[in-house]
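Colleague: Sequence:
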Amino acid sequence: MMFSRPQRRLHLIDAENLGREPRPSAADAASLCRAYADLIGCDAPDHAIVACNHGAALAIGTAWPGARLLVRSGTDGADRRLLDVIAFEEVPSRYDSVVLGSGDGIFVDAVLALRLAGIEVTVVAVPGTLSKRLALAANEIVFFPTIPPLVPAAAFNDELAVGLKPVQPRVA
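The numbering of the sequence shown is my numbering, which starts it at 436 and goes up by one.
Source of the hints: derived by calculation from the structure; they are not laboratory data. You may find that some hints are simply not true.
Unchecked claim - The calculated label-pair distances, taken between Cβ atoms and stated as ranges, are: (1) 501 <-> 523: 19 to 25 Å; (2) 442 <-> 462: 19 to 25 Å; (3) 551 <-> 511: 36 to 42 Å; (4) 553 <-> 469: 19 to 25 Å; (5) 503 <-> 461: 16 to 22 Å.
Stated by the list, open to error - The calculated SDA-like cross-link candidates involving lysine to any residue, where the alpha carbons are at most 25 Å apart (straight line), are: (6) 567 <-> 547; (7) 567 <-> 497; (8) 567 <-> 518; (9) 567 <-> 500.
C-beta atoms are modelled at their ideal positions from N, C-alpha and C, and glycine is treated no differently.
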C-alpha cells in the first residue's frame, strides 16, 4: 500500500497589503484574520505564514493564531520576507498549492516559478491593488473584501481589476 499525503496549501499573507494599514489596531487585525478565514479558509493540514512590519507584529501575531509570523520593516519588508520563504524553503516539495495574500507585482517572478514547478497559485487581493502582471501569472484570483474604512468603495472599480470576477466565499 502506498502512502499518500493529504493535499496541503501554503498561505503567504502580507497583512499590511490585505488590511491596507501598516499599523492596525488589535480589532482591525482580528477583523482581517476573520475576513481571510471566511473567504479562503485555512484548514489542517494547511500552513499559514503572515508577514508585517515591526509596528504591526503584536496586533497581527495575536490576531492570527497558529500562523508563523515574519517581521521586516522598510520598503517592501513584508513582501521580501514572503519572497524568502518561496526562494529558500522548498515550497514545491512541501505543498500542493499556494495562496498568496497580496496584489503586489513584486511577486510575479516567484509566482511564475511556483507555477513552473507544478504548484497551483491563488492570489487574494484587495480590489484596486492587484498588479495586472500578477493577475496574469496566477491560476486564480480572489478579491478580498474591504474592511471599512481601510479601502474606499471606489477601489472596486479600479482599472487594474477590469475583467476579473471575484470568487464566491467558501461556506462552511
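Colleague: Mind listing which of the numbered hints don't hold for this structure, in increasing order?
Modeller: Result: hints 2, 3, 4, 7, 9 break, sorted rising.
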